[in-house]
Amino acid sequence: MQEHKTGEIGEDVYAGFVRSLFNDPGILLIGAFCHGLIGFLVYLTSKHPAYLALAAIMLAAGLYRYYGIRKGQREGNFDSYEAAKTWERYYLVGGTIQAFFMGLFCLTTIYLIPDMFGESAAIAVIMGSTVTIVGRNYGSKTMVAVQAFTVVLPIAIGLMLKGDVPTFILGLYIVPFIFIITRMAAHVRTVLFDAISERKTAARLAERFNRALNTMSHGLVMLGPDGKVVVGNAEAAHLMSLKSPNQLLGRSIHSLLLRGVAGGMLAPKDCRYVEAQLTRALREGRDRKVLVSFSTGQHYEFSAREGSQDLGVITFEDVTARVEAEEKIRFMARYDNLTGLPNRAYFHELVGEAMASGDRDRLCGLAVLDLDDFKSVNDTLGHPVGDGLIYAVAERLAAVAGHGITVSRFGGDEFMVFFDRIEDESHLTSLLDQVFGDLQGEVDVAGHGLRIQASAGAVLSKVEDTDVDAMIVKADLALYKAKELGKNNWRLFEAAMDAAFRNRQLMKADLRSAIESKGLRVVYQPIVSMSTMRIASCEALCRWDHPDLGPVSPSIFIPLAEEMGIISEISTFVLQAACAECAKWPDQTSVSVNLSAKDFRNSDVIQKVRDALATSGLAAARLEIEVTETALLDDKSLTRQYIEELKQLGVRIALDDFGTGYSSLSYLHKLPLDKIKIDRSFLMDVTQNPRSLDLLKGVVDLTRILGLTVTVEGVETFEQLKILLHTVKPDLVQGFLFGAALSASGIETMSNVTWPFAAELRPVAKRATT
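Count along the sequence shown starting at 1, add 3, and that's the number in the working numbering.
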């Protein structure tokens with residue numbers, strides 16, 4: 004409250020006090036006639052004309068003051084301090100005039116024109132009027148002080164001027180009444196000021212509470228002991244379709260909920276449930292929350308708790324955004340965001356629940372579908388097109404989903420289909436044939452016509468004998484078999500697949516142990532020079548002698564190593580062993596080592612070759628690195644960089660299995676190659692098919708024009724060797740005709756030996772030159 008010239012009170016309170024001075028002017032009218040009547044009675048008893056004059060003056064003063072207060076009621080402006088101050092001065096004029104003549108009347112009756120009746124009448128009237136000094140004028144300290152002195156002091160002066168001691172003392176005794184009157188008025192003013200302040204504080208708090216109550220986002224109602232609403236806010240009224248919070252008052256929770264039912268927002272059963280829960284919470288005195296969904300799509304959370312003084316509090320909040328966000332998060336956690344199908348975790352949950360319920364003796368089936376060659380779609384057309392193909396497949400699979408059939412996208416290009424309540428194997432077969440039939444056909448994805456081709460594995464099991472994870476593992480094994488047998492088909496799980504899988508896993512573990520314990524060995528297949536029929540080089544090959552299974556073919560354990568991601572460890576082992584052994588051989592004999600595509604995905608391949616040469620002391624020119632076309636396809640630019648760095652070391656580079664890739668010819672002039680190794684497939688029927696011979700000769704001539712050394716692989720018969728020497732004329736040959744792969748010591752022994760059939764070839768060579 005702002006302080007001003009009024010001192011201890013604020014402007015608004017001061018203005019209120021001044022306004023109170025102009026209340027109830029009727030009392031002043033009665034007082035005016037009473038004062039005039041008393042003066043007239045004194046005149047009748049004393050016969051002195053002064054009293055008649057005083058009676059008229061007091062009546063006139065009272066009437067003047069009455070009409071002045073009426074004017075203040077009609078015209079008074081108490082909205083500001085300045086205006087209130089003006090009207091207080093106006094009030095002081097009338098009050099002072101009236102008090103002055105009343106005091107003069109008392110002084111006259113006691114001392115100036117003594118009259119026994121007049122003295123008694125004057126004192127009685129004045130003493131009675133002192134009450135009105137406090138009751139009417141407490142709002143103006145000045146008016147209280149003026150009237151107290153003007154009215155009471157003349158009585159005291161008159162008594163003291165009479166001269167006798169008792170009367171003098173009596174006059175002195177009256178003087179303190181002046182201060183008593185002013186103190187009483189001050190006390191009244193203080194009490195009223197405190198009351199006004201408290202009321203204003205309470206009003207301010209009530210206003211704040213009301214503002215907070217009606218601006219809060221939560222709805223709130225407070226219930227009295229009888230269960231009726233005693234307080235409610237605007238949000239609560241809005242929810243109940245009421246115009247104002249006041250319309251909530253006196254209603255019960257039951258009647259409010261029925262409004263929601265009548266308005267179609269709430270189902271009757273939900274109404275009963277919500278009422279029961281809220282009533283129970285209020286009765287038990289603990290918080291309870293109830294989530295209610297309305298027909299409008301909104302969701303409200305009701306909370307009830309017992310308050311103090313037998314008041315219950317019910318709040319409710321619009322949690323639509325939260326519920327929708329939770330549902331979205333729940334959907335994202337359960338469904339694949341591309342296809343909208345259940346994801347892996349939710350599929351597992353759904354199938355687990357389905358298998359746990361119902362007849363445990365029934366049959367169910369599970370199929371794993373995988374798109375064939377999906378990686379090539381992503382690599383050639385881009386991931387958006389790949390995603391479009393996935394979506395198209397999901398649409399076709401979703402069409403078969405329904406009662407007893409659950410479809411899921413497991414990730415990537417893999418889908419799962421669960422069939423509940425299968426009659427027998429033929430029933431599952433017909434269902435899967437139908438699924439594959441629905442998948443067939445071409446789809447348009449971003450202008451690309453793509454044909455859907457998939458492989459699948461399925462398993463049929465009795466519910467009581469299996470679980471979800473076991474069925475997935477078996478279906479995966481069947482899928483692996485379907486891929487192995489040519490793709491675009493499906494296979495049903497058989498027990499033999501499980502045994503093969505377990506054996507495969509055991510073999511993987513044994514292979515890892517063999518690598519860690521240096522249990523592999525290296526043998527060397529001779530590469531023979533056509534001009535000397537002696538070993539010019541040899542290819543290092545890895546061998547694995549299993550302690551239980553005996554020799555394991557590289558065609559088995561090499562793919563296993565690639566699958567396990569440990570092929571580079573085998574490459575490193577062969578590279579180190581080959582360099583170490585070649586360093587012991589004659590200088591004219593070199594060694595060739597195959598490096599996998601994975602080796603060329605990491606720059607470590609350069610350091611591995613550098614370390615092998617440094618450790619063994621082998622001249623870099625005696626080491627040849629064979630690169631497969633797979634490595635070139637993975638990342639041409641990176642592979643070219645690594646090949647160039649290897650060439651800088653002095654190592655020679657050969658392209659292995661040339662002719663088996665669709666783009667082999669493009670490598671001949673783009674990569675820094677030293678040698679081409681022509682695949683054995685070119686040599687298979689050269690002795691019977693002239694066209695095959697012409698093709699082989701053309702490839703050799705082409706590579707020789709480019710300045711590359713040529714090795715023909717797969718020489719197995721003497722007839723093939725003679726045709727090569729007579730017609731094709733490669734630089735080097737390699738094959739089983741020259742025997743099986745030799746140990747390192749065998750190569751060292753045979754390095755200076757000419758092959759026995761060289762003498763038989765010389766006449767042929769001679770005739771060919773004549």
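Worth flagging that the hints you see were computed from the coordinates, not collected in a lab.
Honestly, I wouldn't trust all of these hints.
[To be verified] Here are the simulated lysine-lysine pairs, DSBU-like style, with alpha carbons at most 30 Å apart: (1) 231 - 272; (2) 74 - 165; (3) 650 - 725; (4) 673 - 611; (5) 490 - 511; (6) 378 - 246; (7) 165 - 88; (8) 144 - 231; (9) 246 - 203; (10) 88 - 50; (11) 292 - 246; (12) 165 - 203; (13) 521 - 378; (14) 521 - 511; (15) 465 - 521; (16) 50 - 74; (17) 521 - 490.
[To be verified] Cβ-Cβ distance ranges computed for the label pairs, FRET-style: (18) 694 - 499: 23 to 29 Å; (19) 292 - 452: 20 to 26 Å; (20) 624 - 490: 54 to 60 Å.
Even glycine gets a Cβ: it sits at the ideal position worked out from N, Cα and C.
Hints and how they fare:
{"no.": "1", "hint": "231 - 272", "in the structure": "holds, 22 Å"}
{"no.": "2", "hint": "74 - 165", "in the structure": "violated, 42 Å"}
{"no.": "3", "hint": "650 - 725", "in the structure": "violated, 34 Å"}
{"no.": "4", "hint": "673 - 611", "in the structure": "holds, 25 Å"}
{"no.": "5", "hint": "490 - 511", "in the structure": "holds, 24 Å"}
{"no.": "6", "hint": "378 - 246", "in the structure": "violated, 64 Å"}
{"no.": "7", "hint": "165 - 88", "in the structure": "violated, 41 Å"}
{"no.": "8", "hint": "144 - 231", "in the structure": "violated, 49 Å"}
{"no.": "9", "hint": "246 - 203", "in the structure": "holds, 28 Å"}
{"no.": "10", "hint": "88 - 50", "in the structure": "violated, 44 Å"}
{"no.": "11", "hint": "292 - 246", "in the structure": "holds, 27 Å"}
{"no.": "12", "hint": "165 - 203", "in the structure": "violated, 53 Å"}
{"no.": "13", "hint": "521 - 378", "in the structure": "violated, 35 Å"}
{"no.": "14", "hint": "521 - 511", "in the structure": "holds, 15 Å"}
{"no.": "15", "hint": "465 - 521", "in the structure": "violated, 46 Å"}
{"no.": "16", "hint": "50 - 74", "in the structure": "violated, 37 Å"}
{"no.": "17", "hint": "521 - 490", "in the structure": "violated, 37 Å"}
{"no.": "18", "hint": "694 - 499: 23 to 29 Å", "in the structure": "violated, 43 Å"}
{"no.": "19", "hint": "292 - 452: 20 to 26 Å", "in the structure": "violated, 56 Å"}
{"no.": "20", "hint": "624 - 490: 54 to 60 Å", "in the structure": "violated, 45 Å"}
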